[in-house]
Amino acid sequence: MASSVRFTVTPIKAEDLPDTSPDVSSRSSARVRFGSRESVNRSEPYSEASGGFTTSAGGDTPDRSNLEHGDGVKLSNVYINNSHAIDDDDFYDRNLALFEEEMDTRPKVSSLLNRLANYTNLTQGAKEHEEAESIGEKRKPSKSPQMGTFMGVYLPCLQNIFGVILFLRLTWVVGTAGVLQAMCIIFICCCCTLLTAISMSAIATNGVVPAGGSYFMISRSLGPEFGGAVGSCFYLGTTFAGSMYILGAIEILLMYIAPRAAIFVSDTPDGEASAMLNNMRVYGSIFLLLMSLLVFVGVKYVNKLASVFLACVIVSILSIYTGALVSAFSPPAFPVCMLGDRSLSQHELKDGQCAKTVMMPPDPLPQETANVSESFNGTDAPPVTAAALEKTTKLWLYFCNSSELNAVCDDYFLHNNVTQIPGIPGLASGVITENLWSSYSAKGDVLERGSHRSAHTPAVSNHYPYVFADITTSFTLLVGIFFPSVTGIMAGSNRSGDLKDAQRSIPIGTILAILTTSLVYLSCVLLFGACVEGVVLRDKFGDSVKGNLVVGTLSWPSPWVIVIGSFFSTCGAGLQSLTGAPRLLQAIAKDNIIPFLRVFGHGKANGEPTWALLLTAVLAELGILIASLDLVAPILSMFFLMCYLFVNLACALQTLLRTPNWRPRFSYYHWTLSFLGMTICLALMFISSWYYAIVAMVIAGMIYKYIEYHGAEKEWGDGIRGLSLSAARFALLRLEEGPPHTKNWRPQLLVLLKLDEDAHVKSPRLLTFASQLKAGKGLTIVGTVIPGNFLQTYGEALAAEQTLKLLMEKERVKGFVQCIVAQKPREGISHMIQSSGLGGMRHNTVVMGWPHAWRQSEDPQSWKTFINTVRVTTTAHLALLVPKNISLFPSNSEPCTEGFIDVWWIVHDGGMLMLLPFLLKQHKVWRKCSMRIFTVAQMEDNSIQMKKDLATFLYHLRIDAHVEVVEMHDSDISAYTYERTLMMEQRSQMLRQMRLSKSDREREAQLIKDRNSMLRLTSIGSDDDDETDGLDKSADHRRVHMTWTKDKALQLLSNTQTNTASCCSTPEGFRDMLNIRPDQSNVRRMHTAVKLNEVIVNKSHDARLVLLNMPGPPRNTEGDENYMEFLEVLTEGLERVLLVRGGGSEVITIYS
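234 is the number that my numbering gives to position 244 of the sequence shown; each next residue is one higher, with no gaps.
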């Protein structure tokens, strides 16, 4: 009985794998190894040829073939020429014998299912680095993920969403915007995150989401360019979130826990703000250093503290609700001192007296028993009594600059009373009616009660002990400041590897967390508005309530519950950001899509992203140097909003494109919801801060273009490819509606290139000329024909295609490559001309090279293929461009400094001759050349009028060119022309005879070789069936003779009596050629070619390029050789010639 095959999964680190897979560096990988039960070799090399799986087989049969990776060791097959293949069941089942030859690439279903069953996705995120390991130490077997929805998704999302804004800024947002607008802000922000969570749930349940979270989702859905750009923005957002949390922790520390710990102290009110900012910078930098060291030393400590920090958040929120309920029965005592409707800072009232003057008893009493008998706050003169003594307070000193009762005081101070109001009126007080409406203010304004307005214009002086607004507020500003408090919804998707059932837990946990936090935020807005006085809500730092945290005044049993809880929760959130951001950067770096970030993919032996942590700390320090929580919050809002925007875009795009792989388990999504979420994200970006939005988009755009030009090419099956396909399909269907208008006509090129035996392009300058003609516009298809059988030469075709692609990249030609394998090159070219392109996106112009040395070639196939291509393009109504002497054409690095492009317009065939020089002059090589147009006038033509008409025509065409009309007088056919024609016909007959003789000799030798070696030897580019296409069919019977013998010659001589076409087929026929009289039609054609050539050489001998009409081939194929001779005579003596043959349609127009 044969031993069974076992599949074992051995986890390996991502950096141990080669960079062949696009996903292999961005997530933990598993290597599946096929081995026998006897042994499993853990040190086997990674086999790239087997698709990432190293296959080894062992057994007891000594003759079994093995797959080995050694030098010089044969790689034998188990089913080809193997005598044991019939009896061996270890490899393939007998029932699958039909498929055994493809088992290496198409495994059995049982093998696939077994492999999937044994696959374990390693845990991602910070948890995978908790177990420290050395390089040589064996990895411990990983446990299967066991976390459920509550612990794995719900609580992490709650911890990431609740943050510093809830404790430090929500009361201020409610007081400034009012209850209604604050609920509107929260509703918009929560709708944005809820819609994003729906889209994210659809993407996250459409497959496994490894480390990187939203970055992985966007990059695999929208491609590496978008993924890298948005992933970088998400990284920056997470990094600045760390800065924001640290600044929040420092603010709590210096404002509410230990105000005396401030290093910088200002003696004047003007310098207080800057001193506070400097304190934030110093302490923030110290905190950042300590947190970074903690993250560097061990992430496991951060993860263990996470539950403690979450408990602090939950206790703090519960204390708010408890305090609000308690305030309905017994409101806490937090009196607020008011001067009229203006709130006073109790920090400045050092004597604790909220009054203008106090009445002191006249008898000298011990100071500790002194009583205030009466406080006077009126506007009339104080009554004079013998029993009491009136004394001024600190407040009097501030507003009157003197402690004397008769001092000159501030006008507002004199006309308004000093009163005390409860800062927390309680839930049953009805204060919510005053807090419903907004009360925005400018920087430096005094905070006043919203429902009462002062009778006098406020005196703005920061020397008075008022509570001032520190920044100018608006609805849009509050949106930007509040939005970070709803971020953090990606925490669940980032931990997909830790979940028992990620595809069920991520949607439920994330959406429940968003609904919970939204409910908490909305209820807190109502509670704050119903319990706290409006002027206290607008007091950002709690100056009017003796420097207490405003939300702490509402908490029960003590404000310290909120203060301590919020401090630890913000520290924990900062640690989480400093833990998550480096891993996100490491995931981007390991994907290798941004080359200069590659160094940040490395880390410690256990995978800790050391370099990424260093960069994160440096960037976070930049945020701390800003030192203002209100300035940092909109920055990270931009980056998070951009990330959420693209998550929604990815979901909408996949849904609309209906890609076959789009099968999310979460079914409660719709593309309209994704578009709505995307619209809200975009609107929030510009609402909160339009200039930050533009900066974030510019950063993302720059990263996008960088990845597009310099990044590594990745194929992730992204949605942008599908979108491109849909757009291309739509455009192609539109193009099918009709031929392009003359105004839109431009040459769409099919460039025919020939490869030599070493697969090198024979005339690379053809592609250079095509790039100069196109200037990057329109369609370019580069084609070649590989002679042979497709089944045998498929590899050569792929190699040729790669060669052409490299050449196109070198010449900067954007287009497509098409390689056709055909038995006969002539037929291959014909098929390519007929079938290239798709729909309306087809070529309309063929560019091909001139057959060099066709006169000296014994093989006629080069020029016969050329003439056949001319005929095919004419039949297909395509334009044809034939550059002659292409090797002399300038390269892209050799611009012509001066000279002429001469156009010889002999016949009109659509205006190609006018359009081509104009297009060439758009390129830098030909830009400085001038254009001259020559046309030929006969004796009966009015050359002067022709010149005027041509100049007018060019003026209407908007083409700047010099015009000249050349007169060609009728003349007798010269002796030179007659002699040239005679030589051409004699040479044609001689070559025909020589090729016939050569053909017969080759056939005889071929038969002998075929009999001896069974090998077929044919020269590349020759077609046996077409070698004598120019001969009469009546001569076919002579092609069976082998060599020239005396008997054969006599036999052919006897055949001349019945076959007149054989007059030149015998050796004696060569003497008869001296008696040939040239054909009159050939003489006329030669006369035209000679005369035109004389005129062209005379006028254009110094031109950089000459364009002239290419005459068509003769209808009778017997004159093909003469046609080539006519073209040679026509272009003789010219350095660079472009023969142009129009496609029969107009390509240029005078109309706009």
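No lab work stands behind these hints: they were computed from the structure. Hints may contain errors.
Calculated pairs, BS3-like style, for lysine-lysine (alpha carbon to alpha carbon, straight line, at most 27 Å) [unchecked claim]:
(1) K800 <-> K918
(2) K938 <-> K767
(3) K752 <-> K695
(4) K795 <-> K752
(5) K767 <-> K814
(6) K767 <-> K490
(7) K290 <-> K384
(8) K536 <-> K384
(9) K804 <-> K938
(10) K695 <-> K744
(11) K290 <-> K490
(12) K795 <-> K914
(13) K914 <-> K938
(14) K918 <-> K938
(15) K814 <-> K911
(16) K744 <-> K767
(17) K874 <-> K800
(18) K874 <-> K938
(19) K290 <-> K594
(20) K814 <-> K744
(21) K914 <-> K767
(22) K767 <-> K752
(23) K937 <-> K914
(24) K795 <-> K874
(25) K1081 <-> K874
(26) K752 <-> K874
(27) K490 <-> K294
(28) K752 <-> K800
(29) K937 <-> K804
Checked hints:
1. The hinted pair formed by K800 and K918 meets the criterion: a straight-line CA distance of about 24 Å does not exceed 27 Å.
2. For the hint pairing K938 with K767, the CA-to-CA distance comes to about 34 Å; that exceeds 27 Å, so the pair is violated.
3. Straight-line distance between C-alpha atoms of K752 and K695 comes to about 35 Å, which puts the hinted pair past the 27 Å bound.
4. At roughly 15 Å between alpha-carbon atoms, K795 and K752 fall within 27 Å of each other, so this suggested pair holds.
5. Distance check on the hinted pair: K767 and K814 sit about 33 Å apart at the alpha-carbon level, beyond 27 Å; violated.
6. Only pairs whose Cα atoms come within 27 Å are accepted, and K767 paired with K490 is rejected, the gap being roughly 54 Å.
7. Note on K290 and K384: the hinted pairing is violated, with a Cα-Cα distance of about 54 Å set against a maximum of 27 Å.
8. Only pairs whose Cα atoms come within 27 Å are accepted, and K536 paired with K384 is accepted, the gap being roughly 16 Å.
9. In summary, the hint linking K804 to K938 is not supported, as the alpha carbons are separated by about 41 Å, beyond the 27 Å threshold.
10. A distance of roughly 36 Å separates the Cα atoms of K695 and K744; the hinted pair therefore is violated under the 27 Å criterion.
11. Distance restraint check for K290 and K490: the Cα-Cα separation of roughly 21 Å lies within the 27 Å cut-off, and the hinted pair is therefore satisfied.
12. For the hint linking K795 to K914, the alpha-carbon distance of about 23 Å falls within 27 Å, and the restraint holds.
13. The straight-line distance between the Cα atoms of K914 and K938 is roughly 31 Å, outside the 27 Å bound, and the hint therefore fails.
14. This hinted pair checks out: K918 and K938 have alpha carbons roughly 26 Å apart, not beyond 27 Å.
15. In summary, the hint linking K814 to K911 is not supported, as the alpha carbons are separated by about 38 Å, beyond the 27 Å threshold.
16. Under the criterion of a C-alpha separation no larger than 27 Å, the hint pairing K744 with K767 is consistent with the structure, at around 24 Å.
17. Annotation: proposed proximity of K874 to K800 holds, straight-line Cα distance about 23 Å (limit 27 Å).
18. Only pairs whose Cα atoms come within 27 Å are accepted, and K874 paired with K938 is rejected, the gap being roughly 32 Å.
19. With a C-alpha separation of about 15 Å, the suggested pair K290 and K594 falls inside the 27 Å cut-off, and the hint holds.
20. Taken as a hint, the K814 and K744 pair is honoured in the structure, with Cα atoms around 14 Å apart against an allowance of 27 Å.
21. Proximity of K914 to K767 is assessed by CA-CA distance (about 15 Å); at most 27 Å being required, the pair is judged to hold.
22. Distance check on the hinted pair: K767 and K752 sit about 25 Å apart at the alpha-carbon level, within 27 Å; holds.
23. Among the hinted pairs, K937 with K914 is inconsistent with the structure: their alpha-carbon atoms are about 30 Å apart, more than 27 Å.
24. Proposed proximity of K795 and K874 is supported: the alpha carbons are some 24 Å apart, at most 27 Å.
25. Of the pairs offered as hints, the one joining K1081 and K874 holds, with about 20 Å between alpha carbons and a cut-off of 27 Å not exceeded.
26. Taken as a hint, the K752 and K874 pair is honoured in the structure, with Cα atoms around 14 Å apart against an allowance of 27 Å.
27. In summary, the hint linking K490 to K294 is supported, as the alpha carbons are separated by about 20 Å, within the 27 Å threshold.
28. Of the pairs offered as hints, the one joining K752 and K800 holds, with about 16 Å between alpha carbons and a cut-off of 27 Å not exceeded.
29. Between K937 and K804 the alpha-carbon distance is near 40 Å, which puts this suggested pair outside the 27 Å criterion.
The structure fails to meet hints 2, 3, 5, 6, 7, 9, 10, 13, 15, 18, 23, 29 from the earlier list, while all remaining hints are met.
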